[in-house]
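**Q** Read off the chains here:
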Amino acid sequence: MTQLLDAPPAGSPSPSVQAKRTRRPTLLYLLGAVTVALLAYLVLSPLVYLTWRGLTTGEGLSLANIASAYSVSGTPEMLFNSFVFAIGSAAVSTISGTALAFFCVRSNAPFKPLLYAASIVPLIVPGILFTIAWVFLLSKDVGVINVALRGIGLDWLQVDAFSLPGMILIDGMHLSPLVFLLMFAAFRATDPALEESALMSGATVPQTIRRITLPLVRPALLGAILIMVVRGLESFETPAVLGIPSGNWVFTSRIYEALHTYPIRYDVASIYSLSLLLLTVLGLLLVQRANSRGERFQTISGKGFRPRPLDLGAWRWPVSVVFAVYFVVVVVLPVAILLWMSLLPFYQAPSASALKSVSFANYGRILETSSILTSVSNSAILAVVSATAVMLFMSVVAWLVLKSRLPGRRILETLASFPLAMPGLVLGVALIFIYLRSPLPIYGTLVILFIAYVTRYLPYGIRYASSSLSQVSTELEDSARMSGATWWDTFRRVVLPLMGPGIVAGWVYIVVVSVRELSSSILLYSQGTRVLSVTIWELWENGETGVLAAVGVVMVVVLMLLVGAAYRLGAKIGVREF
Amino acid sequence: MLRVENLVKAYKDDSKQGRVRAVDDVSFTVEDGEFFTLLGPSGCGKTTTLRCVAGLEWPDGGEIAVDDRVLFSSGRNIAVAANDRNLGMVFQSYAIWPHMNVFDNVAFPLRVGSRRRTPKPVVSERVERALAVVELDHLAGRYATKLSGGQQQRLALARALVIEPTLLLLDEPLSNLDAKLRESLRFELKRLQRDQGITTVYVTHDQVEALSMSNTIAVMRDGQISQIGSPFSVYLQPQNTFVADFVGSTNLLTGVVEAQEDEGWRIRTQDGPVLVDKVVGTAVGEPCVVSIRPEHIEIRTDSSSTGGPNLFTGEIGTRLFAGESMQYQVQLPHAQLTCRTAAAQRLSTGKPVSLYLPREYCTALPLPAAAPTAT
Numbered sequence: 218m219t220q221l222l223d224a225p226p227a228g229s230p231s232p233s234v235q236a237k238r239t240r241r242p243t244l245l246y247l248l249g250a251v252t253v254a255l256l257a258y259l260v261l262s263p264l265v266y267l268t269w270r271g272l273t274t275g276e277g278l279s280l281a282n283i284a285s286a287y288s289v290s291g292t293p294e295m296l297f298n299s300f301v302f303a304i305g306s307a308a309v310s311t312i313s314g315t316a317l318a319f320f321c322v323r324s325n326a327p328f329k330p331l332l333y334a335a336s337i338v339p340l341i342v343p344g345i346l347f348t349i350a351w352v353f354l355l356s357k358d359v360g361v362i363n364v365a366l367r368g369i370g371l372d373w374l375q376v377d378a379f380s381l382p383g384m385i386l387i388d389g390m391h392l393s394p395l396v397f398l399l400m401f402a403a404f405r406a407t408d409p410a411l412e413e414s415a416l417m418s419g420a421t422v423p424q425t426i427r428r429i430t431l432p433l434v435r436p437a438l439l440g441a442i443l444i445m446v447v448r449g450l451e452s453f454e455t456p457a458v459l460g461i462p463s464g465n466w467v468f469t470s471r472i473y474e475a476l477h478t479y480p481i482r483y484d485v486a487s488i489y490s491l492s493l494l495l496l497t498v499l500g501l502l503l504v505q506r507a508n509s510r511g512e513r514f515q516t517i518s519g520k521g522f523r524p525r526p527l528d529l530g531a532w533r534w535p536v537s538v539v540f541a542v543y544f545v546v547v548v549v550l551p552v553a554i555l556l557w558m559s560l561l562p563f564y565q566a567p568s569a570s571a572l573k574s575v576s577f578a579n580y581g582r583i584l585e586t587s588s589i590l591t592s593v594s595n596s597a598i599l600a601v602v603s604a605t606a607v608m609l610f611m612s613v614v615a616w617l618v619l620k621s622r623l624p625g626r627r628i629l630e631t632l633a634s635f636p637l638a639m640p641g642l643v644l645g646v647a648l649i650f651i652y653l654r655s656p657l658p659i660y661g662t663l664v665i666l667f668i669a670y671v672t673r674y675l676p677y678g679i680r681y682a683s684s685s686l687s688q689v690s691t692e693l694e695d696s697a698r699m700s701g702a703t704w705w706d707t708f709r710r711v712v713l714p715l716m717g718p719g720i721v722a723g724w725v726y727i728v729v730v731s732v733r734e735l736s737s738s739i740l741l742y743s744q745g746t747r748v749l750s751v752t753i754w755e756l757w758e759n760g761e762t763g764v765l766a767a768v769g770v771v772m773v774v775v776l777m778l779l780v781g782a783a784y785r786l787g788a789k790i791g792v793r794e795f
Numbered sequence: 544m545l546r547v548e549n550l551v552k553a554y555k556d557d558s559k560q561g562r563v564r565a566v567d568d569v570s571f572t573v574e575d576g577e578f579f580t581l582l583g584p585s586g587c588g589k590t591t592t593l594r595c596v597a598g599l600e601w602p603d604g605g606e607i608a609v610d611d612r613v614l615f616s617s618g619r620n621i622a623v624a625a626n627d628r629n630l631g632m633v634f635q636s637y638a639i640w641p642h643m644n645v646f647d648n649v650a651f652p653l654r655v656g657s658r659r660r661t662p663k664p665v666v667s668e669r670v671e672r673a674l675a676v677v678e679l680d681h682l683a684g685r686y687a688t689k690l691s692g693g694q695q696q697r698l699a700l701a702r703a704l705v706i707e708p709t710l711l712l713l714d715e716p717l718s719n720l721d722a723k724l725r726e727s728l729r730f731e732l733k734r735l736q737r738d739q740g741i742t743t744v745y746v747t748h749d750q751v752e753a754l755s756m757s758n759t760i761a762v763m764r765d766g767q768i769s770q771i772g773s774p775f776s777v778y779l780q781p782q783n784t785f786v787a788d789f790v791g792s793t794n795l796l797t798g799v800v801e802a803q804e805d806e807g808w809r810i811r812t813q814d815g816p817v818l819v820d821k822v823v824g825t826a827v828g829e830p831c832v833v834s835i836r837p838e839h840i841e842i843r844t845d846s847s848s849t850g851g852p853n854l855f856t857g858e859i860g861t862r863l864f865a866g867e868s869m870q871y872q873v874q875l876p877h878a879q880l881t882c883r884t885a886a887a888q889r890l891s892t893g894k895p896v897s898l899y900l901p902r903e904y905c906t907a908l909p910l911p912a913a914a915p916t917a918t
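So the sequences go chain by chain: A and B. Here our numbering is used: the first residue of the first sequence is 218, the next is one more, and so on. Here our numbering is used: the first residue of the second sequence is 544, the next is one more, and so on.
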């Protein structure tokens, strides 16, 4: 991020002068105040309500809720499962993602494009679909992979999806592309000259990797592990689909259950939400510390260097086979099984006889079921409106943070980034508390979902907006001012268009993640405001796997087109090079 | 035309307690049609001064007026916003908007703010005129980022000129270009400025640019103006060692002012007496430094001329060939002088020579430590 070189004086020397100077500072202060108020409302009110509900009973302040929530039977197992699940899935994703990233950046193995393709899978295959697909691949008796393993006598390799190891494996696989992306950037940023000089000093290749390469990316690696543990704690889809039936409870599934069984346990929901929030905030604070420590390791020189690929020699082909297997497991198998399911009236294992009953009937049923169509339009409306609102709002915030001289402008950035630490389910619980009895009649409407989406995706918005704004030189704005443009002219005609590619990319990203959003929506939807991911969830609960798979395939195709468009659009606008 | 009085601009400095004055009590006036240059090393406050005039920085004190219009006055509570000042400015990076083509870049000032109602035919007529002045009219439809550095620079100039500003501000507009292009654009800029008769304030750290283009130069140091004058007076009659050293290069010989004689002053240095024509800021009996430029020293190889004032003996040290000239370091018993001669004169290292310092080019200045930093 760029710092303003001409750091502003805090507070002008003579207040009397200030008042009469121009209209701009006053307007700017007003804009700043409105922005702070809006952000604080979105981000802080859930926190305040959650804490208040958690720490009070009818009689006033008390710790009774904590005691009752943690004395629910099965609490020790739930805590144990939560941590084992989070740490286990983080281990799976970190190890596979880091190894793949290393070989992708630093080796001459073929099939690298497969890894890039796999890296966008978490974006285009929503967690709920990924997990359901894996149920049919790994369930104990009928799972395609387990059947195949039994067929070739490798029974001992079987994993049951409906078990803690199965949950860990599936969640870890879904998240590993994310680690791949994080570590890819880290390996990319290390100057290969550092390794080359180790080799010149007489170190062997394994010694170099162990003593130079890995220590250099250690801060990034530590950050990635922590982020993955936090994601594991927040994860809702896998624990809900696989954990609830098999009795492997974690925080998120307990919170969901507390609000969906009679009597509703608000104490459990609020206390577990608070606990989870505490853990994720702590985790992300540690990430931040790891990152700031990592800065001294930064070897990004500004000049692009092409990392010299390591010659793997005879290992070239084994490594590329691993690439291919990874691609098949993470991308091909889940999508293929969804496609297969969508063509059958009821699930059958792939076989020649099953081929006879293949039809497009399930796709036809999508068009006949009005509740599915409503949820599609709800999802579309919410995604577009939230993405637009977030990007416009965050463009102004980014400008205030980076280019204005308002005192305390850093607070805006902190506020906008905070929801990163707020699990979707926790936000949902908090919004229920706020709007269930609020005079604002928005409970059960799309507006409450809109508020949830906007709050959740503020951090992405600020990131896209400020990174594109920081590339817009201040002189471009100054020259507009010198041309006689007012603040608004300058913002509208110079700043916004120049931020364009970043805003469009952020917009598409938020549309994509909004369409997949489940963990907040599942608590906030009502009869008429179902969204697509909730519909998939309900179809799963009703056992309508065929229609579910058809909806899933359509969703994956649409998301793929959207992500593709985002890449193309970015490239197209980026051609002019600014 | 432009009047700047007692301008002060302070910044908060994290490393030190309190605030640092980037511009410290600067005053100057620029006459109509004049090319005025603020010259100084980086961090001397020249760009801050310019940005205060532009309205992009709010000064902490002082007054800025163009013609009879006060743009800023701390005493009278006046501050006109940058976009209402009607000044043209060219930035160091040119600040060409990459999302607009050449025509739209130049038309922008006529489509925003108080000029937003300019009729379309007038806009295109004025834009075409401005582009013709900088000879870019054939590129109007091209995207601005497809222009070369020199073309971008001229485009920035056209954009600044299209509003027919009362004052043109140029912030190191040539510093991003390569040496050859810089030289040719220097002439072009000077020609344009003279033809258009536009009053210009120019900021640069390049003394050759300043000397070759300006009517008046203000040499700045540590937020203050060290000397103001024509290029000739700044170069030939520096008021202090900073100006002497920063504008061109110079030799400094320490000594003491011994006496005032008929023909000038007699300065005693360790290597012998020097007669000088001018003494600035120092008096008989006080220590001083004698400043003389390398190209003004005559190197004599005939051994007959020894002794007498302004004549030193020494031997050739390092020799540097710079193409059009030859530069020698000459070692005297107590000092070392740099001399520049025509390249044809080749002397080998170690050769004994005598140096003649013409008194009309010698100036006695106060010692640097005691040098006043403001006029």
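It is possible that some hints are incorrect.
What the hints assert, rightly or not - Capping the alpha-carbon separation at 30 Å, the derived lysine-lysine pairs in DSSO-like fashion look like this:
id, chain 1, residue 1, chain 2, residue 2
1, B, K733, A, K620
2, B, K723, B, K733
3, B, K689, B, K723
4, B, K663, B, K723
5, B, K689, A, K620
6, A, K620, A, K357
To be verified - Here are a few chain B residues that sit away from chain A, every Cβ distance over 10 Å (derived from the structure):
id, residue
7, P584
8, V613
9, D627
10, A683
11, S727
12, K733
13, Q739
14, P774
15, F785
16, Q803
17, D805
18, L818
19, E841
20, F864
21, R889
Bear in mind the hints are in silico, worked out from the structure with no lab data behind them. Cβ coordinates follow ideal geometry from the N, Cα and C atoms, glycine included.
**Q** If a hint holds in the structure, say so; if it doesn't, say that too.
**A** Hints, one by one, checked against the model:
1. K733(B) - K620(A): Cα-Cα ~34 Å, so violated.
2. K723(B) - K733(B): Holds. K723(B) to K733(B) sits at ~16 Å (cutoff 30 Å).
3. K689(B) - K723(B): OK: K689(B) and K723(B) at ~21 Å, within 30 Å.
4. K663(B) - K723(B): Between K663(B) and K723(B) the Cα gap is close to 39 Å, so the pair fails against 30 Å, i.e. violated.
5. K689(B) - K620(A): This hinted pair holds, its Cα atoms lying about 27 Å apart.
6. K620(A) - K357(A): violated, 58 Å
7. P584: The claim stands: P584(B) keeps its Cβ more than 10 Å from every Cβ of chain A (closest is about 17 Å).
8. V613: holds, 13 Å
9. D627: Contrary to the label, D627(B) does not stay out of reach of chain A, its closest Cβ about 7 Å off (not over 10 Å).
10. A683: holds, 17 Å
11. S727: holds, 24 Å
12. K733: At roughly 22 Å from the nearest Cβ of chain A, K733(B) sits farther out than 10 Å, so the non-interface label holds.
13. Q739: The claim stands: Q739(B) keeps its Cβ more than 10 Å from every Cβ of chain A (closest is about 18 Å).
14. P774: Non-interface label stands for P774(B): nearest chain A Cβ at 28 Å, farther than 10 Å.
15. F785: holds, 25 Å
16. Q803: holds, 48 Å
17. D805: holds, 55 Å
18. L818: Since the minimum Cβ distance to chain A is about 49 Å, L818(B) lies beyond 10 Å and the statement holds.
19. E841: Non-interface label stands for E841(B): nearest chain A Cβ at 47 Å, farther than 10 Å.
20. F864: holds, 33 Å
21. R889: holds, 42 Å
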